[in-house]
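Q: Could you put the whole structure together from the sequences, leaning on the hints where they help?
Given next are the chains, with one letter for each unit.
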Amino acid sequence: MSSSRSTVRQLGTAVRALVVLTLVLGVGYPLAITGVGRLALDDRADGQPVTLDGRTVGSAIIGQGFTDAEGAALPEWFQSRPSAAGDGYDGGASSGSNLGPENPDLVAAIEDRRAAVADLEGVDPAAVPADALTTSGSGLDPHISPGYALLQVPRIAAERGLDEADLEALVDATTQGPDLGYLGEPTVDVLQLNIALAALDT
Amino acid sequence: MTLAAVLVPPLLTVVVVLALIHRPLGDYMARTFTSGRDLSVERGFYRLLGVDPASSQSWRSYLTGVLAFSAVSVLLVYLLQRTQALLPYSLGLPAVPEGLAFNTAVSFVTNTNWQSYSPEVTLGYTVQMVGLAVQNFVSAAVGLAVAVAFVRGFVARRSATLGNFWVDLTRALLRILLPGALVAALILLAGGVIQNFNGFTTVATLTGGEQVIPGGPVASQEAIKMLGTNGGGFFNANSAHPFENPSPWTSLFQVILMLAIPFSLPRTFGTMIGQRRQGYAILGAMAAIFLVSLTAATIAELSAGGTAPQAAGSAMEGKEQRFGIVGSVLFGSVSTLTSTGAVNSMHDSYTAIGGMLPMINMMLGEVAPGGVGSGLYGMLVLAVVTVFISGLLVGRTPEYLGKKIGAREIKLASLYILTMPALVLAGTALSFAVPALREDIDGTSILNPGLHGLSEVLYAFTSAANNNGSAFAGLTANTPWLNTALGVTMLLARFLPIVFVLALAGAFAAQGRVPVTAGTLPTDRVQSTTLLVGVTVIVTALTFFPVLALGPLAEGLL
Numbered sequence: 173m174s175s176s177r178s179t180v181r182q183l184g185t186a187v188r189a190l191v192v193l194t195l196v197l198g199v200g201y202p203l204a205i206t207g208v209g210r211l212a213l214d215d216r217a218d219g220q221p222v223t224l225d226g227r228t229v230g231s232a233i234i235g236q237g238f239t240d241a242e243g244a245a246l247p248e249w250f251q252s253r254p255s256a257a258g259d260g261y262d263g264g265a266s267s268g269s270n271l272g273p274e275n276p277d278l279v280a281a282i283e284d285r286r287a288a289v290a291d292l293e294g295v296d297p298a299a300v301p302a303d304a305l306t307t308s309g310s311g312l313d314p315h316i317s318p319g320y321a322l323l324q325v326p327r328i329a330a331e332r333g334l335d336e337a338d339l340e341a342l343v344d345a346t347t348q349g350p351d352l353g354y355l356g357e358p359t360v361d362v363l364q365l366n367i368a369l370a371a372l373d374t
Numbered sequence: 388m389t390l391a392a393v394l395v396p397p398l399l400t401v402v403v404v405l406a407l408i409h410r411p412l413g414d415y416m417a418r419t420f421t422s423g424r425d426l427s428v429e430r431g432f433y434r435l436l437g438v439d440p441a442s443s444q445s446w447r448s449y450l451t452g453v454l455a456f457s458a459v460s461v462l463l464v465y466l467l468q469r470t471q472a473l474l475p476y477s478l479g480l481p482a483v484p485e486g487l488a489f490n491t492a493v494s495f496v497t498n499t500n501w502q503s504y505s506p507e508v509t510l511g512y513t514v515q516m517v518g519l520a521v522q523n524f525v526s527a528a529v530g531l532a533v534a535v536a537f538v539r540g541f542v543a544r545r546s547a548t549l550g551n552f553w554v555d556l557t558r559a560l561l562r563i564l565l566p567g568a569l570v571a572a573l574i575l576l577a578g579g580v581i582q583n584f585n586g587f588t589t590v591a592t593l594t595g596g597e598q599v600i601p602g603g604p605v606a607s608q609e610a611i612k613m614l615g616t617n618g619g620g621f622f623n624a625n626s627a628h629p630f631e632n633p634s635p636w637t638s639l640f641q642v643i644l645m646l647a648i649p650f651s652l653p654r655t656f657g658t659m660i661g662q663r664r665q666g667y668a669i670l671g672a673m674a675a676i677f678l679v680s681l682t683a684a685t686i687a688e689l690s691a692g693g694t695a696p697q698a699a700g701s702a703m704e705g706k707e708q709r710f711g712i713v714g715s716v717l718f719g720s721v722s723t724l725t726s727t728g729a730v731n732s733m734h735d736s737y738t739a740i741g742g743m744l745p746m747i748n749m750m751l752g753e754v755a756p757g758g759v760g761s762g763l764y765g766m767l768v769l770a771v772v773t774v775f776i777s778g779l780l781v782g783r784t785p786e787y788l789g790k791k792i793g794a795r796e797i798k799l800a801s802l803y804i805l806t807m808p809a810l811v812l813a814g815t816a817l818s819f820a821v822p823a824l825r826e827d828i829d830g831t832s833i834l835n836p837g838l839h840g841l842s843e844v845l846y847a848f849t850s851a852a853n854n855n856g857s858a859f860a861g862l863t864a865n866t867p868w869l870n871t872a873l874g875v876t877m878l879l880a881r882f883l884p885i886v887f888v889l890a891l892a893g894a895f896a897a898q899g900r901v902p903v904t905a906g907t908l909p910t911d912r913v914q915s916t917t918l919l920v921g922v923t924v925i926v927t928a929l930t931f932f933p934v935l936a937l938g939p940l941a942e943g944l945l
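In order, the protein sequence lines correspond to chains L and S. Sequential numbering of the first sequence, starting at 173, is according to our numbering. Sequential numbering of the second sequence, starting at 388, is according to our numbering.
Just so you know, these hints were derived from the structure itself, not from any lab. Don't take each hint at face value.
Cβ pair distances, simulated, as ranges [stated by the list, open to error]:
no.	chain 1	residue 1	chain 2	residue 2	range
1	S	574	L	330	42 to 52 Å
2	L	338	S	588	27 to 37 Å
3	L	330	S	924	54 to 64 Å
From the three backbone atoms N, C-alpha and C, an ideal C-beta is built for every residue, glycine too.
A: Following this line, the structure appears as structure tokens:
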């Protein structure tokens, strides 16, 4: 019976096929896409680096923390969401918390965050929105809700001696509506907002 | 806001786009696999392979081709990982350990893309590009090839052959997946998905802290990850990562990429057998399950059931602000209704019921619409079972598309149906029943205490046994037991059903065609589609209800 010979023959075919396909699909294809990214587009292929006074301070689409080395909120800046990526906003360790809906650690964390945010902002704990209490899927969420941004305005105005109305206008100008008017949620990019804040405060 | 107001606009967008593309894409795929002409580049490739494109293979020979190609693939991906330290662009990362390398190689060859590893700290660019992304292409092409061979079994009369695997593989890649991925990658690139070889760079943040920014050839891998229903993220956070999925519209685009081929294949099927209504009957069953599941999951997540979601006021744990609840659930549902397994939110943190629905989506056998190729052949096997049951009910000889469902045929279909549940339940049960394994599972693997821990393990085996690849990702799966058990599960879950499907195709091809008579049960009516949905749901419910009651149902209802 020739079936074992045919198996060997097809194994040879498989090896040759995989070698060629690896070159085409594993080398040629990604390099072609890389080439187009280099030639045809702006800095998008590089992750939209944000530069300020000549130095790169992050990426326009990757969130970052505005905290001190211990993780405590710096009160003169708008705060991002809590993050489960490494020690917080670690771009080398993207991750959600993966804590389940009945996990007591998660429930406790949410209660702690609610108390901390209410205390920091001087508001009723019930007024703190969900995005301020939860970690995102990536741990690198660049956005907060417009509601959370506005909640932070009085604190920042007081810290920096700025007019609340000016800061509200800043939040308004930074707020992005849903894509195409109906996809996703309205968002405020925190890094962008804080850069605008720094510019306003000089 | 009512459910309809938030769910209908994005859903309608998806439905309209699919309604527009499924005909041209479905017909194009049918032409691709029935055309007698080879492109000149293909002829050169066949000469290199030593393959005569005009020769047609028996089902056994076709299967040998599938298995040989997949075996060589596992070996290559394994070796690439084991030699990572020697490869360029390894980012200083060491060789991947044996157990993890085995699991990962199997995972990508079987179109599962289960990730026991965290990509950022495990894999450099060469392994991702040359190993994993290549498998994203070819594993999807294998699925397409097997589906097409199965459909040929219905078309053929008294034939000993099903077509040529190497030709089907080549055409699936060169005429469908590569052009599709090129276009999709450019669109994703325009949407902000990165594509570079920068490695990790450290920047000083606005407030003077330090932040690591990753790089990578992401857009090229992301495109085929979605189009091929593979799902393995370039980064640990998968499509929740802003560099993989920057905005709500790129997320919706990825949803459409996942669904494009699986929802077009019923049209391909109908065109190839010359009865388009039969294709739409299959499509109708897929769509019905799809819509019910998506709606149920959206309701569950919006209702924010459970202690933590209630404490936060919304089930936003593990979800990105830009996608919100609706954009997250749409993605998660589509990803588990196809066999993709990508996530743009963390399913482990979903509400109990919201997290059960992705599990149920997989437990249905990945048929609504399922993975590239595998969804179609899975649903067609269920159609065979449905016809058999209907025939028993009314006392007629069951036949489907002119082929008699005899003893051999129903045995093969039954074996197909039984494989996945056996793997899910055996794997989950062993993990808890064997004391040493249980200690390891409880102590090392499970993150969340109580009932949710069972759900994490059940989800893992369900995902592996359906070649999905998504996870309740709190589970630490990089352990000797889970790397091995899930690896073996993925292998058996992919290739045993392929054996049964090709054997069934061979049995159908060998038959003549039974003429349609007044006694033939029609299979292209609303009634038959309803029966197909019923059989699909009942088989799943009977199999999995008890174990669901121990995990997510108990967690959600107690």
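Q: Now look at each hint and say whether the structure bears it out.
A: Here is what the structure says about each hint:
Between residue 574/S and residue 330/L the beta carbons are some 45 Å apart, a value that agrees with the proposed interval 42 to 52 Å. Hint check: residue 338/L to residue 588/S, Cβ distance near 34 Å, so the stated range 27 to 37 Å holds. A beta carbon spacing of about 59 Å between residue 330/L and residue 924/S agrees with the range 54 to 64 Å that was offered as a hint.
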